[in-house]
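Participant: Protein chains in written order, with the UniProt record's numbering: chain H, 1 to 252; chain C, 1 to 252; chain P, 1 to 252; chain F, 1 to 252; chain Y, 1 to 252; chain Z, 1 to 252; chain G, 1 to 252; chain W, 1 to 252.
Nothing false has been slipped in among the hints.
Partner residues are not named here, just some residues of chain G that face chain Y (Cβ under 8 Å, in silico):
# : residue
1 : S130
2 : Y207
3 : A209
Because the hints were derived from the structure by calculation, they are not lab data. We put the CB at the ideal spot given by N, CA and C, even for glycine.
Number of protein chains: 8
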Amino acid sequence: MDPRDVRELLERVRSGDVTVESALEGLQELPFRDIGVAAVDHHRALRQGVPEIIFGQGKTPEQIIRIAEEILRTGQNVLVTRIEPEKAERITAGLPGFSYSSLARTGKVAHRPAPERLAGPVAVITAGTSDIPIAEEAVETLLAVGLQPDRVYDVGVAGLHRLLSRSEQLRRAAVVIVIAGMEGALPSVVGGLVAAPVIAVPTSVGYGAALGGFTALFSMLTSCASGVVVVNIDSGFGAAMAAHRMLLDRGQ
Amino acid sequence: MDPRDVRELLERVRSGDVTVESALEGLQELPFRDIGVAAVDHHRALRQGVPEIIFGQGKTPEQIIRIAEEILRTGQNVLVTRIEPEKAERITAGLPGFSYSSLARTGKVAHRPAPERLAGPVAVITAGTSDIPIAEEAVETLLAVGLQPDRVYDVGVAGLHRLLSRSEQLRRAAVVIVIAGMEGALPSVVGGLVAAPVIAVPTSVGYGAALGGFTALFSMLTSCASGVVVVNIDSGFGAAMAAHRMLLDRGQ
Amino acid sequence: MDPRDVRELLERVRSGDVTVESALEGLQELPFRDIGVAAVDHHRALRQGVPEIIFGQGKTPEQIIRIAEEILRTGQNVLVTRIEPEKAERITAGLPGFSYSSLARTGKVAHRPAPERLAGPVAVITAGTSDIPIAEEAVETLLAVGLQPDRVYDVGVAGLHRLLSRSEQLRRAAVVIVIAGMEGALPSVVGGLVAAPVIAVPTSVGYGAALGGFTALFSMLTSCASGVVVVNIDSGFGAAMAAHRMLLDRGQ
Amino acid sequence: MDPRDVRELLERVRSGDVTVESALEGLQELPFRDIGVAAVDHHRALRQGVPEIIFGQGKTPEQIIRIAEEILRTGQNVLVTRIEPEKAERITAGLPGFSYSSLARTGKVAHRPAPERLAGPVAVITAGTSDIPIAEEAVETLLAVGLQPDRVYDVGVAGLHRLLSRSEQLRRAAVVIVIAGMEGALPSVVGGLVAAPVIAVPTSVGYGAALGGFTALFSMLTSCASGVVVVNIDSGFGAAMAAHRMLLDRGQ
Amino acid sequence: MDPRDVRELLERVRSGDVTVESALEGLQELPFRDIGVAAVDHHRALRQGVPEIIFGQGKTPEQIIRIAEEILRTGQNVLVTRIEPEKAERITAGLPGFSYSSLARTGKVAHRPAPERLAGPVAVITAGTSDIPIAEEAVETLLAVGLQPDRVYDVGVAGLHRLLSRSEQLRRAAVVIVIAGMEGALPSVVGGLVAAPVIAVPTSVGYGAALGGFTALFSMLTSCASGVVVVNIDSGFGAAMAAHRMLLDRGQ
Amino acid sequence: MDPRDVRELLERVRSGDVTVESALEGLQELPFRDIGVAAVDHHRALRQGVPEIIFGQGKTPEQIIRIAEEILRTGQNVLVTRIEPEKAERITAGLPGFSYSSLARTGKVAHRPAPERLAGPVAVITAGTSDIPIAEEAVETLLAVGLQPDRVYDVGVAGLHRLLSRSEQLRRAAVVIVIAGMEGALPSVVGGLVAAPVIAVPTSVGYGAALGGFTALFSMLTSCASGVVVVNIDSGFGAAMAAHRMLLDRGQ
Amino acid sequence: MDPRDVRELLERVRSGDVTVESALEGLQELPFRDIGVAAVDHHRALRQGVPEIIFGQGKTPEQIIRIAEEILRTGQNVLVTRIEPEKAERITAGLPGFSYSSLARTGKVAHRPAPERLAGPVAVITAGTSDIPIAEEAVETLLAVGLQPDRVYDVGVAGLHRLLSRSEQLRRAAVVIVIAGMEGALPSVVGGLVAAPVIAVPTSVGYGAALGGFTALFSMLTSCASGVVVVNIDSGFGAAMAAHRMLLDRGQ
Amino acid sequence: MDPRDVRELLERVRSGDVTVESALEGLQELPFRDIGVAAVDHHRALRQGVPEIIFGQGKTPEQIIRIAEEILRTGQNVLVTRIEPEKAERITAGLPGFSYSSLARTGKVAHRPAPERLAGPVAVITAGTSDIPIAEEAVETLLAVGLQPDRVYDVGVAGLHRLLSRSEQLRRAAVVIVIAGMEGALPSVVGGLVAAPVIAVPTSVGYGAALGGFTALFSMLTSCASGVVVVNIDSGFGAAMAAHRMLLDRGQ
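Construct all of the structure, not just a fragment, from the sequences and the given hints.
Facilitator: This is the structure:
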């Protein structure tokens, strides 16, 4: 309900078209609906082919199916993250059109194509092969919001030539997502090579002093490359959604 | 030096215009210069009125003056972060043109105006008044790279109406920097209100369970608003540089 | 045994009605019984329909049944917390009248109704759906001590309108229990909206920087809303018992 | 602005007393003011002689004086917490009527008496003498909101007789605030002795494994006495404000 | 080999009774044997009926049987700690005379009785019923070294009367072992009640802020009762061996 | 007041020698005095020349003098721990007979000699020279309670011969206090060399990974030598009081 | 490609032997290949019989077989670390020539012997028997790179004579790898006994305060023996590779 | 004293050249001296011009002077680490020949030149300028033990070209010491570029998530470059002594 609606309502109160009681009722919900405007704007954009996203961890297959069905009824696409293979099997059985990526541990039902966007590719870089599941979660999320992922996998800093040989790809990217576990050094090197936004994703890869991803997390937060930003451990989804925010006015 | 330059050099070697020795000399530096391309591109952009930035903490006034003089000789502006008042006094005495912001604890020498940029304003939001020094560090850095800060201070979530009454400002922003200590809840609320990129800056404000900023840091990393990104504790500078990356192709 | 009892005993010693030996015996236990008075008072209140509570975690079904049977023999109700479904099945088979809530993971045998109480409702609020099991543990405990829970679920701060649309319920509450994982921001917002006591319950919902509930815990302890109190991670039971203390003189 | 105001405004629009434009302007701020209702209610109560509270730590004497003057202009009392003696001296010099408690490190200007309240006394208990400054911060805050503190100091559990000899005082209390550093055992013992609400305040007293108050904090959160609630380390203020919430409908 | 032995050996070298070569051989091992004296003295004491102790965790049943057989061949008793029921079954099948305590998770083969000792009883106190397995590990170890355990279980500080009603037992003890999880408050209270050595054993009982036993550990290390000593989390064995050291000259 | 006293009081009530009122008064304090028995026994022992001990840290010189004067009035000795030199000077000026050890940072007023005790010496061992202040705190406390310290300083494990050359001293000790910072390895080696009780004291000596004493603390708690017990970081006082408990029935 | 190659290439361009296009192509890869030189040198050395190493943890048997087959095709040996028995069985079935060490949890296919090396033996020392799996991982890696391991197992510091009796072996070693869990004291003692490089490996052996290996890690980093270096928890492989670097110019 | 010495002593006892008493005296010290052999060998090497090293932190100038004088009397050189400027001034005044490096915070008295050594240079690399003091501590220690440092400063990974342009220096080094704070990424990159031993030194440079050096420490321990070893935070001295061990048989 924007100011024009309120004005119109007031005009109709003045003209007697609407009783005071009924106007009061309409205005009563105003505070929350008005605040809701932002959300609604946001949701409207999302509804244009962008899926609703369900965080699958800690939910039963039945719960996921039920939530997905509700969303699908509204005509939107659905993306589900963090679902293990056995859970995925049961969802597949119960939810028509559901397709699962075992690498990304995500699944989706896409009734219509993701929106066309003008933004350049989003480079998704990993330090090692063990970081790939997190990278694929980012990739699937990017695809779902209409962005174009560009994979650059297994280019950790201990073999610098692997990374440098891909520098063309890096420089082409509108946003760079850098995924690394263990010492998490890769975003610092990449941050020095590109001028685009760098979103660092620490992973829980490694043992002992890797602290389940916290060493990579802290490492990325103290990166000597300025302007690197960080998301939660193993959150490929979070990185993709951050890229989505950064490229929002470019094609969506 | 890009491939076309190398091709041209080789042509001139073949044609005898350039001797082998002199071509060798030119190529010798190639590996590093080529890698340097990104950096050079980046630096070139920066040289267009954007200051070089000196991290002042742990450096003596003499060291800061010496480094600043070197940069100024190349015609660039200089921004110095994290300098305490007493240190600033000594720099002011020794470095002509140096002006100091005691709130932001930053100083600068700006020989020429920052570059014109097309990007919208960058909202700089704080939860409390104690977060303002970090906010001002962000503001000074934004100004130095040619971006336009829009201050929204002291709008913590315990008094929600303060934040909501400023929602127009939030929605207008190209990027939103949210600065909060203690429980660090503000980015979650802001992330739900705007669709733009949200850069969260935890501060060391608070005591006991605030853990010197780590509670706010972890809080922001686990924000229930998707796509929020985070920088190091008290790093107003880092947040501004991240905004700079995000808005790089819009006016610079 | 209060001073009047001791005085009476002494009078009876003086008059010879009671021998020194038998008086000595009676007095011997005095220190502990006197201390026990508080406990006994407390227990007396509890016996008026309030169940004894068994912490089920780490106990075998056999142990739980045996303890429950002992309590039931004294005419009290029994509430058992933290019992997994498979354990609950075995208890159900062995303990007549036992009913189990799989959501709350609690079970009970209620021989008689909980006491009537005059206190207003206790709002039980959750940030997300994953926090509901902890909320239901609180609800079951509240019901067991005769308080009236008022559920407000899934109103996390990233979608502020969800919370604000329920503000009437919040303001009606005599005590508000706020349950949240991840960044634990909800109690700060609720604490700013209501004047009633706010009991914050951090949950272990979330991953990575959520630190298994410690980020929410520390966040709640440093809430910018003054007067918010906190209980242990995932302790819906603890929050309900705290509400019970706060409303003790209102109907029990 | 409550529903009656809106209804009245609408009536006046209908009758033509108020133009649509001017009504629109009044309604425009509605969302935030309406949300503000809770705060306003709360503030109204506070204005009845209850002081506004300034967190003094990290503020200059000049800032504190300026904020205090603004509050005093509205006729309210002012309480300032966490001010060191030297800072207090400068405030005393600049703020007429300011009186300072060096033990509590709080100061106040009380133009009118705190409100009369019906609630029983709030026991303020400390384990050792080093916890007294935190206790006095609680005491000063309780007095400021019109509650009656009842001091029970230096009754740590290693000399149980000290605590037990004061049990009469404990049982009389409407709320019990228990303040302890080191191992923080006192709330568990007190929680077993009284049925009233127990608010535990960990202090940073102790060294080594006391972890600057975190051992006491965690100890209190895992208390074997059920229904004990906890506030931040060294937060005597927080505990008093929690007591204020709990006793709000009893005399204010 | 003490100085008298060396002197005698040298005399025999001088007199020619022993060749230089053979004396050299004897002296060669001297450094280690001399150091070994302490160990040997110690071992000698232990061999007088005291079992060798095998830490069972992380060893296969086969390994445990093999090591036990070697020890038994030398005529000593054997105690095995930290063996789960299924592992115990396989050991029982393969090691004649092996008897297992499922509560203590220890097993033993005792060919001869433990030595007679003059020391008074060792009180083994627990805060809750969940601490009993650790207590029983201490009990079994005490019995194995010839000491007399005196169980005082489930006397946590939230119900002080339970502990105080057992104070006679506490005061009789030569050494007191106090076992508690969660907030670990019990040793502070016991340390104030008795003058004997108090050995505190933190247990991993509890959840959330109990930190897997570290809260109890730190709590016990900062006990306000002076002279309390602490062993590792869940180490009933360590506490019993400490008691053994303390009472060594009293009956062994 | 032990049972005989109560019986006698009752006899006197029966015979009329004591009125009921006056008996009631006497019994009124019974609960706490009876619990106090242990404490009183303990205090009685302490009064036999053993000083009361004041923890000096965080107390002003004036407070320390006042407390000391109160104790001295009862004829007891006084020991004050953790007082820095400047504070000690002011105490010396105000408290007649006060003598200060700058190494141990303790001071005392000893009106009469410490009690004679039969117990053997208590070895006080340090790994390095930086651990000596903590060792001297232990030494001063041992002397105050009538025990005989035997210093073995600077025998860290990196130069094993230093320790082994003192092994005679170690074996003679009734109790061994082992003080070490950094990696805290010394108690493990000493625990393997002696059969007496080993009390390990971690110190905050070291930097970086020494974690302010926590590495030594954890190291000592996980010592591979069985039966080693541990006190808080830097607590020479705590170790001496533990030795006092262990040797209590030997000469006091 | 070193400067001589570039010069030669340029000469051939000048002489027309090589076209500009083909020279360009060769130079194009220069930056990365030049950087690759180190790696290539390193790889060349490794190819002389030294195996490529696959980190087996987190990889499926199929992935390991596929990677191994690729390496074997190039004529190199393969070593796989961190493979559990059941995984090893499936690899053995699918990869001809694969032999598995269940103790070290490593497997290998060695087509040709490891290179001859001149370096002295590498002592591999453990504190306890539980550390042996990590030691064997080091041993297998040492053998794979052509170094000669010398096992010294179960010589923890609580029984010093065990270590001292093996001192001859220690002193003979070119490098000493010391492996210990729990308090991690062994490297300090060994570092004082030998002058050779000491590589400390903390293990996750122990419970409670052992912190899953972090106590041993921090202990080793703060060793009082100077010049001790440390690798990650449980990284027998890392220690062996460090020894390989240290002895690289001695026989390879 | 090695076996030949003992044999000779025994021969002389047999022949009567040496009395039993005097032989006994000589043998008495054997255990410790024999263990001391390693130390003595080591010390002998050190005495050949290598200084004894005093850890200056926590020692008074007077103590340092006294220890230094004792060492100098034996003809050895002295190196003192971790001395602040003001302390150094007082040592300079009291200790003839003492020269101080304010950058390295070390001082020395070198009566004679360090020994000639054959080992190649030791590269000392830093990520930033703030790491230089730690680097210089390493340099001074290397010089003191006769090794040749080769400085490569300020080559952090965010500007990769700086490091790569110095790769010739890196490859020439016999050992590489890599010093970095913040995210500690440099050793991973260097470890991939060189085959020599890499000793990583984390520094406490950085703030917030840098955790006072622990992020760099953990980062280095989990380096993706194999065979990198680590020393304590800020321990330039430790790294140099490790290099000394690695190069011991090459020129000393």
